[in-house]
Amino acid sequence: MSLRVHLPGLELKNPVMPASGCFSFGKEYAQFYDLDTLGAVIMKAATKEPRLGNKTPRVAETSSGMLNAIGLQNPGVDKIINGEMPFLNGYALPKIANIAGSSPEEYTETAKKMSPHVQALELNISCPNVKEGGIQFGTDPHLASNVVRQVKKVSEVPVYVKLSPNVTDIREMAVACEQAGADGLSMINTITGMQILKERRRPLLHNQTGGLSGPAIKPVAIRMIYEVYPYVSIPIIGMGGIGSAEDVLEFLLAGASAVAVGTANFHNPFVMPEIIADLPGVLRNYGFSSVEEAIGGAHY
Amino acid sequence: MSLRVHLPGLELKNPVMPASGCFSFGKEYAQFYDLDTLGAVIMKAATKEPRLGNKTPRVAETSSGMLNAIGLQNPGVDKIINGEMPFLNGYALPKIANIAGSSPEEYTETAKKMSPHVQALELNISCPNVKEGGIQFGTDPHLASNVVRQVKKVSEVPVYVKLSPNVTDIREMAVACEQAGADGLSMINTITGMQILKERRRPLLHNQTGGLSGPAIKPVAIRMIYEVYPYVSIPIIGMGGIGSAEDVLEFLLAGASAVAVGTANFHNPFVMPEIIADLPGVLRNYGFSSVEEAIGGAHY
Amino acid sequence: MKVVNHREISECTYEITLQTDVFFPAEPGQFVHILVDPPHQLRRPLSLASSSGGEITVVYKTFGEGTRTLTNKKRGDTVNVLGPLGNGFTLPEQEKVMLVGGGVGVPPLLWLAKELHKDGKKVSAVLGFKSVNQVFYRREMEEYAEVTVVTDDGSSGEKGLVTKWLDPEADVYYACGPNPMLKALEAQLAIPGYNSMEERMGCAIGACFACTVETTDDGYVNVCKDGPVFPKGRVKLP
Amino acid sequence: MKVVNHREISECTYEITLQTDVFFPAEPGQFVHILVDPPHQLRRPLSLASSSGGEITVVYKTFGEGTRTLTNKKRGDTVNVLGPLGNGFTLPEQEKVMLVGGGVGVPPLLWLAKELHKDGKKVSAVLGFKSVNQVFYRREMEEYAEVTVVTDDGSSGEKGLVTKWLDPEADVYYACGPNPMLKALEAQLAIPGYNSMEERMGCAIGACFACTVETTDDGYVNVCKDGPVFPKGRVKLP
Ligand SMILES: Cc1cc2nc3c(=O)[nH]c(=O)nc-3n(C[C@H](O)[C@H](O)[C@H](O)COP(=O)(O)OP(=O)(O)OC[C@H]3O[C@@H](n4cnc5c(N)ncnc54)[C@H](O)[C@@H]3O)c2cc1C
Ligand SMILES: Cc1cc2nc3c(=O)[nH]c(=O)nc-3n(C[C@H](O)[C@H](O)[C@H](O)COP(=O)(O)OP(=O)(O)OC[C@H]3O[C@@H](n4cnc5c(N)ncnc54)[C@H](O)[C@@H]3O)c2cc1C
Ligand SMILES: Cc1cc2nc3c(=O)[nH]c(=O)nc-3n(C[C@H](O)[C@H](O)[C@H](O)COP(=O)(O)O)c2cc1C
Ligand SMILES: Cc1cc2nc3c(=O)[nH]c(=O)nc-3n(C[C@H](O)[C@H](O)[C@H](O)COP(=O)(O)O)c2cc1C
Ligand code: FES
Ligand code: FES
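Chains as they are written, first to last, in the working numbering: chain G, 304 to 603; chain W, 304 to 603; chain U, 76 to 313; chain L, 76 to 313.
Since the hints were derived computationally from the structure, they do not count as laboratory data.
Among these hints, one or two may not hold up.
To be verified - Here are the computed lysine-lysine pairs in the DSBU-like style, where the Cα-Cα straight-line distance is at most 35 angstroms:
1. G/330 <-> L/197
2. G/358 <-> L/300
3. L/258 <-> G/382
4. G/316 <-> G/358
5. U/205 <-> U/77
6. W/415 <-> W/455
7. U/307 <-> W/358
8. U/148 <-> L/77
9. L/136 <-> G/330
10. W/455 <-> W/416
11. L/311 <-> G/416
12. L/197 <-> L/148
13. G/316 <-> L/300
14. L/258 <-> U/149
15. W/358 <-> U/239
16. U/149 <-> U/307
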């Protein structure tokens, strides 16, 4: 049973990787298992300058999901390269850098510095939790095209664009990114949501709104990937509520070539190695003999 | 403890009503309790001509939610008025007709016939489950304005517009509807989602996509209502995942003046009378002395 | 309702008996809508295998996650049950009655067999299962009917599909099982019959239109309210 | 981990003892991250009230839905536990130690008291509760410390806030309770001290940055990994 997947810049021995922001830079989960079990790692968002992020509370729980408004807290691209990446460099697995910014220039500065150190970039144009630096690029096809084009100019590695589900027409966004030169798509980032603290009569999160993730959003992720798949020829990394090898297969069938797991790591820190171990059996049960065979399988 | 709410066309003794499509025309739930317990009833969508709806499977289950693609099955406005409404007319409670169509003319025809028989119309411009007749109006502010304006011309009763959450900017849609003359808003309809049947390698629902409802979408509903509330002066009927009196209070605080309960009825057919019975206690626990006092409470 | 008994009666097939706290006037062919633990939002429709003396029994197969969750219920736990729902089997005028059940389609027919036996009818039952590990209720059925067990692989009773081992003498039939079986029976048998159907449900009381099926003459009806039992020929089997 | 014991020890406050299936090297001040049943997605951080002989004990208050769900666990059921997590209390050089606990802040201090007592320290403990119905672990604490119980309404022990009944002799303190209490102590006491903090968590291992708190000198740190215990003055109490 082959779990291998070949994507631009990425030779994955299996299609499972942590979703950006849910795995920091790997050190913590390395206490639980050998990171080389994973197909790749997507690192926490990096910005040009350090960011403190939002005030707490930063997370809330919802039915089968959670809201987060971390707000891109990170030590800045330089410290990430010098302080955080040396640990990851001790592993053989491919590294993907998630980069964010408030302006195309910030994106390109960060991309320029980061790209020599990783196998691919994931352009985060979909963070709903910061005033500047993210979602405005992810909800307007023109702004998105522009930032993709500029980053492509400076990046030494393939560029995946992480799309926001908070749009009327996800297909339009995907096609705009492909035409601007994206090598792949990541889908989906979180859906903007809110919880109200009844005791205090105000939004629970300090940032008011947060991004909804977890099993609650899986049907939305599957729908969007299924919608986009026939319209693009670049591969899709799927995410949103994945917690089992059966979920992974559902994403592959919808059109994802690989997947990322976020919220489920908090539920069960061993979830990714467990999924990877279960995947061959699940594929076999449903009549597949490799991961690649299942990709887009629901479209034929 | 007063549960009363005064809305355009509707004198509600309490703010709880069934969401359209989850309660048919009331007969079935009348076996479980006296419908006059409810604040009002929102009827199943009516269209000008009878509609058969989609093929089955029409529903699927998701984590803390469900997908439906009923597809507006209904016997048409005439049969509804003559065949279904006489039963409801035996009750004193206010009636709201949910109307849908494939063209502004279909909406106005249905509205014209329906409005003399009800206290308010709910314009369904957000059904994601039919090829024509719904969501295209709900995702484009110009189309929405136009249909609202035309229906307002013919309706004898106030018109509430039911918004789709499948948009980039819900505020823009809400404001467009208000400017076109809407007397109120209903938020939210379902979020488009999909489930894939791994055994068959294709979408489970015959319609492929369906609308996601239930507790899974509550944070999205709360966020959208909270976003819209400061920008409109017309009242909002809130819905999306409500299953308890605590949920109702959360919607009121976000900015809803009344609420509708959909999916939770399938979970527990007695849910609405239970919520209504619990509501005074919950309001009291959080320091409120009436429903009206709580409306928009999270904004101050 | 309180769990009185819960046991695996064949591979992945469980029999659960619940104490009805209230008057529960049910008849064979009706079903209940059972709540499973969160995050499951929808109930699960399951046919009644019996209802008497303040107890109901349901037999279910662990098909997906909801039914798997249900297996965790232990004696003394409570299960939230909505029902009885739907129509029951219309009892026959005819004398020679054949019951055809596939897998978990058998339990409601066992209850029906008991009623028919009481009425003095001559009952035959053709019960189809995948293989010997899945067979259940054979002995129970033999108390009321002439039983033929059929397995796909012949590991118990006859080999093949139930449609190969029907009772040529019968003058009416009652079938409960997968749609392809119901369809094959309709095509093959000239006698009148009744089908008990399955469809995914929301409300199970006729209010949401999740479970529609097309009739041959009168548009759509709901399996939950107008069925689950339909006279042969009334609906287009999907 | 298997539930060995589970009981209500005061109003809405439960003590649960679990059998650790594996080696579980913990110290006072550390916490565990406990999984509650679906639809709850996040675990619940709860301080260890003790860990010894292959068993751990946690005391929790039913605050919201997750902890209410936890109360359903019966002896013999299993609970999924992640831990031990975070740092523990740094043991003092000083001789006269004061423990200040509010409500469910008391349990980790009981364990700490035991260790301090073993080390021959002179321990005083000021334990604050809402009212007499909420008091717990008074007797247990008296084995290791000079105890002052304080209730908001004076229905047990002294009346008022813990800050009114502090031990003037102490030369170091350890506090665990709501942030306003920690803040008041910092303002009032000139002696060094340690605060055990609470913040909403995602991963509880330092990977998600949900639980950040601002230090007075060095940007943000994570309560889960760099805490939950911080020396007085290290972080800006929210
Ligand atoms: C009137 C009626 C009577 C039934 N009686 C029995 C019985 O006595 N014993 C038995 O084992 N099964 C019976 N079934 C089928 C049973 O309802 C399904 O096997 C069960 O709902 C599957 O739930 P799950 O959690 O295992 O599967 P999941 O795949 O997790 O279920 C997901 C959703 O799909 C629905 N669903 C999946 N398969 C079916 C199906 N075949 N029919 C209806 N809904 C389905 C579920 O109810 C749920 O809403 C009956 C169905 C109907 C409609
Ligand atoms: C390090 C640490 C140790 C703790 N030790 C204890 C203890 O020993 N006993 C005890 O009763 N409580 C303790 N708490 C607080 C306890 O975690 C919360 O009361 C509990 O998580 C609330 O969950 P819930 O399901 O009742 O509330 P819900 O409102 O349903 O919880 C929703 C979400 O908010 C989080 N949350 C709510 N309140 C808090 C809080 N005060 N702190 C952290 N997260 C919160 C929950 O974990 C969950 O993610 C501790 C908290 C921390 C951070
Ligand atoms: C705590 C948290 C932090 C996140 N941070 C980032 C981030 O820095 N960059 C990013 O692109 N996505 C971020 N995300 C989104 C996830 O990468 C992922 O797209 C989303 O959570 C859906 O997947 P899931 O349901 O498996 O969590 C974050 C999500 C969570 C829950
Ligand atoms: C089975 C089903 C049928 C529905 N039919 C309609 C409809 O006919 N018209 C409409 O405006 N909304 C319809 N809806 C949407 C609901 O009215 C409601 O907006 C949505 O389900 C969110 O509320 P909930 O989470 O409480 O179900 C339907 C929802 C469901 C689940
Ligand atoms: S399940 Fe709702 S109408 Fe049948
Ligand atoms: S909870 Fe994730 S960093 Fe502390």
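Do the hints match the structure? See the list:
For the proposed pair residue 330 of chain G and residue 197 of chain L, the alpha carbon gap of about 40 angstroms is over 35 angstroms, so the pair is violated. A distance of roughly 18 angstroms separates the Cα atoms of residue 358 of chain G and residue 300 of chain L; the hinted pair therefore holds under the 35 angstroms criterion. Taking the CA atoms of residue 258 of chain L and residue 382 of chain G, the gap is near 33 angstroms; set against the 35 angstroms cutoff, the hint holds. Distance restraint check for residue 316 of chain G and residue 358 of chain G: the Cα-Cα separation of roughly 39 angstroms exceeds the 35 angstroms cut-off, and the hinted pair is therefore not satisfied.
Note on residue 205 of chain U and residue 77 of chain U: the hinted pairing holds, with a Cα-Cα distance of about 32 angstroms set against a maximum of 35 angstroms. Restraint check for residue 415 of chain W and residue 455 of chain W: satisfied, since their Cα atoms lie roughly 10 angstroms apart, inside the 35 angstroms limit. For the suggested pair residue 307 of chain U and residue 358 of chain W, the alpha carbons sit about 21 angstroms apart, so the restraint of at most 35 angstroms is met. Our distance criterion of 35 angstroms between C-alpha atoms is met by residue 148 of chain U and residue 77 of chain L, whose separation comes to about 18 angstroms.
For the given pair, residue 136 of chain L sits about 33 angstroms from residue 330 of chain G by alpha-carbon distance, which is consistent with the 35 angstroms threshold. A C-alpha spacing of about 13 angstroms is found between residue 455 of chain W and residue 416 of chain W, which places the hinted pair at or below 35 angstroms, so the restraint holds. For the hint pairing residue 311 of chain L with residue 416 of chain G, the CA-to-CA distance comes to about 34 angstroms; that is within 35 angstroms, so the pair holds. Taking the CA atoms of residue 197 of chain L and residue 148 of chain L, the gap is about 38 angstroms. The hint is violated against a cut of 35 angstroms.
Simply put, residue 316 of chain G and residue 300 of chain L have alpha-carbon atoms about 32 angstroms apart, close enough for the 35 angstroms limit, and the pair holds. Between residue 258 of chain L and residue 149 of chain U the alpha-carbon distance is near 49 angstroms, which puts this suggested pair outside the 35 angstroms criterion. Taking the CA atoms of residue 358 of chain W and residue 239 of chain U, the gap is about 31 angstroms. The hint holds against a cut of 35 angstroms. Annotation: proposed proximity of residue 149 of chain U to residue 307 of chain U is violated, straight-line Cα distance about 39 angstroms (limit 35 angstroms).
Hints 1, 4, 12, 14 and 16, counting from the list given before, are not met by this structure.
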